[in-house]
Structure formats: structure tokens, C-alpha cells
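So the sequence lines, in the order shown, correspond to chains H and P.
My numbering puts the first sequence at residues 106 to 830.
My numbering puts the second sequence at residues 2 to 327.
I should point out that these hints are in silico values taken from the structure, not numbers from a laboratory.
Computed from a predicted structure; not experimentally measured.
The C-beta atom is built at its ideal place from N, Cα and C for all residues, glycine as well.
Some clues are possibly wrong.
Claimed, not checked - With a cut-off of at most 25 Å between alpha-carbon atoms, the simulated BS3-like pairs for lysine-lysine come out as follows:
#, chain 1, residue 1, chain 2, residue 2
1, P, K63, H, K455
2, P, K63, H, K665
3, H, K665, H, K448
What the hints assert, rightly or not - Chain H residues, not near chain P, derived (Cβ > 12 Å throughout):
#, residue
4, P128
5, Q488
6, P629
Said to hold, decoys possible - From chain H, some residues computed to sit far from chain P (all C-beta separations above 12 Å):
#, residue
7, E193
8, I320
9, G566
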Amino acid sequence: MKIIIRYRLAAWCLLALVGCGAPWNNPYPAADSGKNILYTSFNERPKHLDPVQSYSSNEIVFNAQIYEPPLQYHYLKRPYQLIPSAAEKLPVAHYLDAHNQPLPDNARAADIAYTVYDITIRRGILYQPHPAFSRNTDGSLAYQHLSEKDLKDKHELRDFKQTGTRELKAADFVYQIKRLAHPRLHSPILGLMEDYIVGLKDYAEQLRQVNAGMIREGKGEAWLDLTQYPLAGVMTVDDYTYRIKIKGQYPQFLYWLAMPFFAPVPVEVDSFFAQSGMAQNNLTLDWYPVGTGPYMMTENNPNRVMVLERNPNFHGETYPVEGEAADTGLLADAGKALPFIDKAVFTLEKESIPRWNKFLQGYYDASGIGSDSFDQAVQMSAQGEAVLTDAMRAQGIQLETAVAASTYYMGFNMLDPVIGGFSERARKLRQAVSVAVDYDEYISIFQNGRGIPAQGPIPPGIFGYREGAAGINPIIYTWDGKQPQRRSIEDAKKLLAEAGYLDGIDSRTGQPLVLYFDVTARGPEDKSMLDWMKKQFAKIHIQLEPRPTDYNRFQDKIRKGNAQIFEWGWNADYPDPENFLFLLHGAQGKVKAQGENAANYENPAFDRLFEQMKNMPNSPQRQQIIDRMVDILRADAPWIWGFHPKDYALYHAWYHNVKPNKIANNTLKYQRIDPVLREDKRREWNRPILWPFVLGMLLLLLFTLPALRTWYRREQSAAIGEVKS
Amino acid sequence: MIAYLVRRLLYAIPILVGVNVITFGLFFMVNTPDDMARMQLGIKRVTPEAIEGWKHEHGYDKPLFYHRAAAGFSKVSDTIFYQKSLRMFVFDFGAADDGRDIGHEIGKRMWPSFAVALPAFFVGLLIYITFALGFAFFRATYIDFWGVILCVVAMSISAMFYIIGGQYVISKLWHLVPISGYAGTVGDTLRFLLLPVAIGIVGGFGASVRLYRTFFLEEMGKDYVRTARAKGLSEGAVLFRHVLNNALIPILTTVVVAIPSLFLGSLLVESFFGIPGLGSYTIDAISMQDFSIVRAMVFIGSLLYIAGLMLTDISYTLVDPRVRFS
């Protein structure tokens with residue numbers, strides 16, 4: 106009787122444990138349950154967190170929450186608008202002539218030799234707590250003269266017991282701009298900025314010479330104190346104002362001021378991390394970013410987890426009070442103090458399967474959609490729109506889609522003797538191929554429908570993009586009254602015949618036309634894409650030969666102009682059409698000038714319009730010029746326009762204030778979590794199921810019972826026969 | 002024994018040099034210093050000057066094996082091979098391409114690898130021996146028959162299936178343990194390790210149980226076992242007191258050689274379960290074309306393999322008095 110009661114009690118306890126209490130499969134500490142923490146994942150460890158080097162999307166997702174450049178983008182307004190961040194107000198451009206004499210605001214671009222921006226920063230902004238700022242009682246910096254012996258037991262920032270802070274000063278912004286030219290840091294934007302910031306090119310050369318001298322003296326690892334070397338075009342005006350002087354007129358420079366490249370870096374942090382022994386102990390600014398933003402990095406273990414926590418010294422900011430007309434649901438927190446989330450935990454999740462499953466269990470608050478889980482999450486409605494499946498809706502998951510400020514295209518090398526050039530023959534050939542290669546089908550097959558066919562180089566959301574009938578590429582599409590319709594393959598064949606390649610035979614030589622597609626070396630999974638591409642060309646009887654090489658050889662071919670047809674893409678640095686149209690500007694030719702114009706396209710009419718357009722503010726006049734430029738491009742067809750990818754993201758019901766932003770990255774501060782709802786849902790979705798386990802044990806026991814009986818009988822028997830084996 | 006060990010250690014040197022050379026050759030056959038530079042510098046706005054600068058800073062602008070333009074010994078010493086590979090013989094692994102100290106990283110990441118590999122190894126060994134002994138005990142019965150079928154089926158299934166299936170059933174459907182992850186504290190770590198350890202054990206079940214069963218059955222066919230039975234010992238006493246001891250000798254040789262490689266972790270398990278061990282460290286280094294890490298891990302792996310072989314020889318002489326070093 107007592108045994109039966111004990112078993113019943115045990116069973117009830119087990120049921121109670123299973124039914125109530127925290128889920129057993131929760132990967133986070135029990136102490137964090139119900140806390141205001143965002144959980145998300147990353148699949149590739151960031152290589153650089155130093156703002157002078159960091160340029161990849163998987164790096165900026167961290168840096169953008171920590172560093173505060175002078176400007177930022179409005180979270181809700183579209184088109185994207187710059188607003189002050191660390192700066193007090195948007196800087197105003199002042200123009201100077203070649204003699205440094207002021208010019209009026211409406212001066213002609215040709216007369217403007219320099220543009221000067223004076224940037225005044227907000228007062229009272231403090232850095233996050235950091236040992237570099239810590240001071241002794243006598244006022245000297247506590248951790249600035251450390252020996253290797255002092256650093257013996259210090260491998261993480263938290264090993265330094267004291268921290269301090271100080272106010273942000275204009276000199277910190279100047280110091281960071283100087284760091285762009287640091288010879289050991291290899292900033293990716295140095296080349297670009299050398300063309301604009303006065304004196305930066307000479308400064309970079311000067312630092313190279315200094316560094317070479319240090320290496321010769323055996324001090325190649327020693328700190329290079331940039332405060333000893335002034336930069337002509339960047340200086341402090343006072344403690345809270347600094348000045349940047351750039352060559353000519355470049356209104357898009359303000360967009361760069363919204364990127365971490367131009368965020369402040371204090372000299373004491375740089376010198377702190379430059380001390381001998383720091384790098385050997387993996388203590389570098391590249392590993393431990395230091396900023397004034399709403400968050401600070403408290404754990405950097407990119408092998409497992411990276412954690413951002415609320416910066417206790419954050420100066421404060423409020424949620425926007427206005428947005429677009431459709432943003433009414435996003436203004437519930439208007440005017441409230443930011444940030445809302447206390448902590449963001451980024452867990453390394455290399456494989457898509459566990460990442461997806463943990464999202465469905467509620468352990469990640471948001472997720473992308475992999476191709477293997479696409480059908481599970483999204484279905485196409487009768488109207489051709491992507492909607493969530495019933496299973497997703499049942500969990501209260503929301504879908505947000507947004508066209509990325511990116512473009513993927515197939516380029517023709519305009520220097521190639523067959524496909525390149527401006528002869529009518531070459532132009533018609535390119536147009537014929539553009540009609541034949543069906544990117545609508547490509548998007549459907551290879552992108553799960555996640556993209557829109559490109560009509561030109563400018564993606565949606567960027568000024569200059571035209572919607573609807575006004576925006577279609579008439580070479581490829583017609584308008585049926587409601588939507589674009591691709592021209593038929595017969596139109597492509599007609600263009601090809603007009604080019605002198607009737608049925609794919611060169612009328613001059615009588616030989617079949619063979620074109621070469623230069624691609625980076627691909628694995629088996631890309632074979633289907635290459636086969637598809639060959640079929641597109643085969644539709645108009647052109648033989649396409651893929652020439653796969655490794656990425657470095659491919660880059661060499663592009664640089665030397667040896668590729669014929671290639672694929673490329675571009676993500677916007679900033680929301681201005683100049684950042685896309687410059688990819689086809691003659692002066693940017695890859696072969697001529699090592700620029701970004703990989704097609705080596707050079708059309709004087711286009712270039713003239715580009716020079717006219719690039720410095721204009723957004724206006725109907727600018728739109729007209731852009732329309733003419735796009736018409737030229739469509740007629741010349743240096744690219745097959747490819748597609749603009751569409752990003753799909755899923756968010757749980759407890760994740761608020763989400764608005765996809767394809768340009769700004771410092772959006773974590775606006776987002777809000779309902780941890781109570783999340784906890785309830787996790788419990789609901791993750792009740793442990795024990796009965797299969799118990800059933801399995803019982804079956805195993807039943808399976809072995811006859812054998813045990815056989816063994817018992819064998820032991821009790823009188824003699825044992827031959828050993829069987 | 003000392004002479005034997007010294008001889009084996011001396012043999013190890015040319016082996017390690019050879020492994021180093023082959024690793025170096027294979028790596029740079031597939032990757033070039035320019036590739037490595039681009040991997041670190043990114044894709045956007047990477048200039049040829051930046052690539053050359055990176056290569057110069059990291060010592061990858063030198064010739065691979067032989068510097069024709071240099072003088073004297075510099076023809077050999079002013080090369081990538083000499084600068085990058087030879088100092089490993091003094092266990093100076095240097096820094097990875099991202100600047101982080103490799104020795105420190107290995108020291109940090111080996112514990113998570115151990116945390117998965119050691120329990121899977123020892124608990125697995127116990128389970129495999131138990132089952133193998135059980136199948137041998139119930140030989141020629143339905144248990145043995147279905148056991149062997151189970152082993153063959155288990156051997157035929159790929160490790161990836163066990164991992165994905167295990168995560169799906171145990172974590173996703175039954176919600177018993179976290180799908181993936183790892184924690185810094187001991188208490189939290191245990192619940193993350195249950196599933197990868199279980200999968201590690203299940204993954205090795207088929208092959209190991211079949212092999213050990215064969216060892217046990219071979220012993221059971223020997224004369225001394227027949228004698229023990231004839232003397233009236235129970236089957237249990239025969240198995241546990243006589244057969245097990247002698248069958249452990251061949252089991253030991255297969256097991257001891259594997260012990261050092263536990264240090265290196267499992268690439269698949271660590272990737273899928275998010276365990277920051279040496280297995281994922283190596284696979285990440287290969288993807289990132291970080292030669293410094295790859296050569297360090299291959300060097301350590303070779304060293305451990307040689308150590309494993311030596312340990313096997315030593316343990317063989319300890320358990321079998323008939324075996325002596327020659």
C-alpha cells in the first residue's frame with residue numbers, strides 16, 4: 106500500500122514538474138526568465154568591431170548600437186532622412202572658392218573648390234564606463250602605463266576592476282577621422298575619403314612614412330600617436346565643435362557622417378589598447394568597442410554569445426513622435442525615453458535548422474526565413490502576395506517584408522570586343538540578351554520569389570526610382586495597364602538578328618556566337634543556376650560558356666577587364682541615387698581607375714548628366730535628369746538589370762516597434778519586448794513530453810524479459826552444451 | 002621502455018615536419034595570400050593597396066618556400082613556410098589573422114570540446130561493453146539476432162541524421178532539452194550537454210558494439226572458457242571474471258588511440274549544437290582561410306595522434322604481460 110502511494114506521489118510530482126515551472130528546453134539561464142532581454146542570433150562572427158575597419162552587415166549590427174556618429178536616420182520617415190545624433194543639429198555646408206573665399210549657397214558647382222562643415226556636438230554626452238578613463242586619486246589615468254607583468258592575468262575587459270568615463274569632445278571625432286589613415290588599420294573607405302577630405306591623402310602618406318620608420322627601429326608594434334600629426338582638412342574649432350573641409354561639392358558626405366566610420370574614438374582608449382601586451386591578451390579596440398551610444402558590449406565571445414547592455418551613461422533620446430501615414434501602430438511609444446530593451450543577447454547559431462526551431466519555440470524573438478523553411482512560413486496568396494501560413498499565424502508571428510536598398514545585376518564588359526562598345530551591333534546584342542534572360546523566373550526559382558525585377562540601377566525607396574508604368578524598362582517590358590509584361594523571346598530574336606547574329610550565327614564570320622560567363626568558383630548547389638543561365642542564352646541560340654574561377658582570380662579578371670559577362674551586386678552606403686548611378690560613371694571605370702564601375706561603361710552624355718545630378722538636392726529637376734540618365738542606360742544596356750532582393754523577416758507577437766530599415770542599423774534602441782507575454786508563450790509551446798520516453802523504457806523491458814527468463818533457466822540447468830558463436 | 006619512447010619521439014619529428022609541409026602545400030594550393038587578405042578586408046571597396054598592405058603586415062607577401070632574390074640562409078628563412086610553420090615546433094602558434102592569440106584560444110576552447118567528448122567517450126564505452134557483453138551472453142537468441150541488425154542499421158545511418166533527428170525529436174517535439182547552446186556555468190552546461198553526448202553515444206553504438214561483440218565471442222570460443230564452464234562456473238562468472246578481462250586487451254588498443262583526439266572535438270556536433278570547442282574553431286578557420294589556425298590545429302592533431310599511438314603501445318604492455326617492447 107505504501108509503495109502504491111509512493112508511486113502515485115512520484116507520478117503527481119512529475120506531472121506537476123512537467124505542467125508548471127520553466128520549460129526544460131530553455132537555453133537561457135532561469136534567472137533571466139521574464140526579464141527585458143532581446144534574444145537573437147548571428148551566424149558569422151564579426152571580424153572587426155573597430156569603427157574604422159568595420160564595414161560588414163554582421164559587424165555593424167553591433168557597432169551601430171554602441172557608437173554614435175554625428176548624424177543618424179529618422180527611424181520612421183521615408184524617404185530616409187538624416188537627423189542629428191551626437192551633433193546638435195544638421196551641419197550646413199559652407200562653400201569656398203580656390204582662394205578659400207566664401208561663396209554664396211547657390212554658387213555654381215564649378216566654382217566651388219571646397220565645402221566646409223562645422224559640426225557642433227551636444228554637451229554632456231558621456232562615454233560608457235571603461236577602464237581607459239579610470240583615474241587615480243592624483244588625476245592621472247590609472248591604466249595607461251601598464252607593463253606586460255601587469256597584464257599577465259588580464260584577458261577580458263572586466264578583469265580591470267576600475268572604470269571611469271568622461272565627456273565626449275569634438276577632438277574625439279577628429280581623432281577618429283585621422284584613424285582612417287592609420288597604416289596598420291586599412292580602413293576600406295580611406296581611398297574614397299582621400300578624394301574628398303582635404304589633406305587626407307598626404308596625411309596617409311605621412312603616417313606610412315612614420316610607421317615605416319618605426320618598423321625600421323624595431324617599434325613596429327608601438328602606439329602611433331596621431332595627436333602628434335595634424336590633418337589639414339579636419340580640426341577642432343572649440344571643445345564642442347570641429348570642422349571638416351572637403352574638396353569640391355559632395356552633399357552625400359553628410360550620409361557618411363551617419364556611419365560609425367565618423368563616430369568618436371577617444372585618444373585615451375586608443376592608447377590604452379595600444380599598450381604592449383594588450384594585443385597578445387586579445388584586448389583591442391577591434392574586440393571591445395567603446396562608445397557613447399545607448400548600448401555597450403559587456404560580453405564578446407563570438408564563439409558563443411555577444412551581449413549588449415544598456416549604457417548607464419547614455420545621454421538619453423526619445424522615440425519619434427511622427428512617421429509615415431501608415432505608422433500609426435508604431436507611435437504608441439511616441440516621446441518615451443530610449444532605449445526600451447535592457448539587454449540584447451546574440452547567440453552564435455551557425456546552422457539554420459536549430460536557429461529556425463528555436464525561433465518557433467520562442468527562444469529567438471525574430472528570424473529570417475531560410476529557403477528550407479520558406480514553405481513552412483510563407484505561402485503565396487491568390488493575388489501573388491506573400492502571407493504567413495496558418496501555423497505561423499496561430500503562433501501570433503508577424504511577417505515584415507521590405508525591398509533592400511541593393512541591386513544584383515549581370516554586367517557586360519564594355520571593353521570587350523564582342524559584347525562591349527557602343528556600336529549598334531553590340532548594343533542590340535546586349536538588348537537581345539537582356540530580353541532573353543528572364544529574371545522574373547530567376548527570382549521565382551532561386552529566390553523563393555523574394556525580390557522584384559530591376560528596371561534600372563536604382564532600387565525602390567531611393568529617390569529617382571519610378572513606380573508603375575513610368576518606371577518600366579521599355580526594352581524588356583511593356584505595360585498591360587496593371588503590371589509590367591516581359592517582351593517575348595521573339596522580340597529578343599529580332600534584336601539579335603538586327604545585331605547581325607541571326608539565329609545565333611555571326612553574319613560576318615558564319616560562326617556560332619559563343620559568350621563567356623565569368624563566375625566565382627561554385628559548388629554543386631550552383632550548378633542548377635548555371636544550367637538555367639545557359640538555357641536563357643540558348644533560347645536565342647547563343648552558346649554561353651561559364652568560366653568558373655576562384656574569387657581572387659575573378660577579381661583579377663574584373664580589374665584587368667578580362668571578363669566578358671559577370672554577376673555583381675551593390676548594397677547602398679546611403680539613400681541617394683548617386684550611390685547607384687556612380688557605378689556606371691566613366692571616371693569610376695574598373696580598368697581605367699580601379700573604381701566601382703565593373704562594366705567599364707563610359708558614355709559622355711551619361712557622365713555629363715551625372716556631374717549635374719550628383720550635387721543636386723532631391724527635386725523634380727533632379728528626377729528629370731535621373732530619368733534621362735536611366736533612359737540612356739536602358740538603351741545602352743551595360744547591365745542586365747537583375748533584381749532587387751526582398752527581405753522577409755518574422756517577429757513574435759511580443760516584439761514591438763518593428764519597422765524594416767534598410768539603411769539605418771542603430772534601430773535596437775527603438776524596439777520593445779513584452780517579456781511577460783513571451784514567458785507565457787514559451788511555457789505554452791514548450792511543455793515537456795515524457796510519455797514516449799517512458800513507453801520506450803517499458804518496451805525495452807518487455808523485450809528483454811523473455812531473455813532474462815531464458816538466462817535463468819540456463820543457469821538452473823544441469824549441463825551446458827557446445828559454446829555457440 | 003625509455004629507449005623505446007625516445008626512439009618513438011625521434012620518429013615523430015620527421016612525421017611532424019612532413020605533416021607540416023603537406024598541410025602547407027595543400028592549403029596554399031587551394032588558397033592564396035590574396036584570398037586570405039580579401040577574406041579579412043571584406044568585399045566592399047577593397048583596393049589592391051589594402052591587399053598588399055595586409056599581406057605585408059601579416060607576412061604573406063613573401064615567397065612560399067624559397068626566396069630566390071634573398072641571400073644566404075634568407076633564401077629559406079625569408080619565406081612564408083619558415084616564418085609561419087617552423088616555430089610551431091617550439092609551440093609558438095602566434096596570432097590568427099584577426100590578431101587573436103591562438104594558444105589562448107585553444108586553451109579556452111578545449112574545455113567545451115572535453116565537456117562533450119569525455120562523457121560521450123567514457124559513458125559510451127561503458128554502454129558499448131555492456132551491450133556487447135549482453136549480446137554475447139544471449140548469443141544465438143532473438144536478442145543477439147535483433148541486436149546485430151540494430152547495430153548494422155545504426156552503423157548505416159549518418160551522424161548528421163542523428164544530430165538533426167535528435168534535435169528534432171528530443172528538443173523540438175518533446176521539449177526535453179535545449180536544441181543548441183552552451184553555458185559558462187557548470188550547472189547550466191549539463192542540460193546543454195545531455196543531447197550532444199547522447200547523440201555521440203548513439204552515433205558510435207553500431208560499430209563499437211559489433212566490434213566488441215566479436216572480441217567477446219572470440220574469447221568465449223577459447224579453451225580456458227570451456228575449462229571454466231566445465232569446472233561449473235556460472236555463465237555470468239565466466240563472462241565477467243574471465244572473458245571480459247581478456248577481451249579488454251583488443252578493446253583497449255582501439256580505445257586508447259582515440260583518447261588524445263578527444264581534445265580536438267567533433268566538427269559536426271559542435272556546429273549544430275553551438276558548442277564553442279576546437280572542432281568548430283578548426284572548421285571556422287578553414288572557412289575563413291586562416292592558415293595560422295589551420296596549421297596549428299593540424300600540428301596539434303598530428304602530435305596527439307602520435308601520442309595516442311605511443312599510449313596504445315604502452316598500455317598494451319601493461320595489460321598483456323606477454324607483450325614487451327623491442
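Status of each hint after checking the structure:
1. At most 25 Å may separate the alpha-carbon atoms for a hinted pair to count; P/K63 and H/K455 exceed this at roughly 34 Å.
2. Distance restraint check for P/K63 and H/K665: the Cα-Cα separation of roughly 24 Å lies within the 25 Å cut-off, and the hinted pair is therefore satisfied.
3. This hinted pair does not check out: H/K665 and H/K448 have alpha carbons roughly 48 Å apart, beyond 25 Å.
4. For H/P128, the shortest C-beta to C-beta distance to chain P comes to about 6 Å, within the 12 Å cut-off, and the non-interface label is violated.
5. A cut-off of 12 Å between C-beta atoms confirms that H/Q488 is not in contact with chain P; the least separation is 33 Å.
6. For H/P629, the shortest C-beta to C-beta distance to chain P comes to about 17 Å, beyond the 12 Å cut-off, and the non-interface label holds.
7. A cut-off of 12 Å between C-beta atoms confirms that H/E193 is not in contact with chain P; the least separation is 30 Å.
8. Listed as a non-interface residue, H/I320 fails to keep its Cβ farther than 12 Å from every Cβ of chain P; the least gap is roughly 10 Å.
9. With 12 Å as the threshold on Cβ separation, the claim that H/G566 sits away from chain P holds: the shortest Cβ distance comes to roughly 20 Å.
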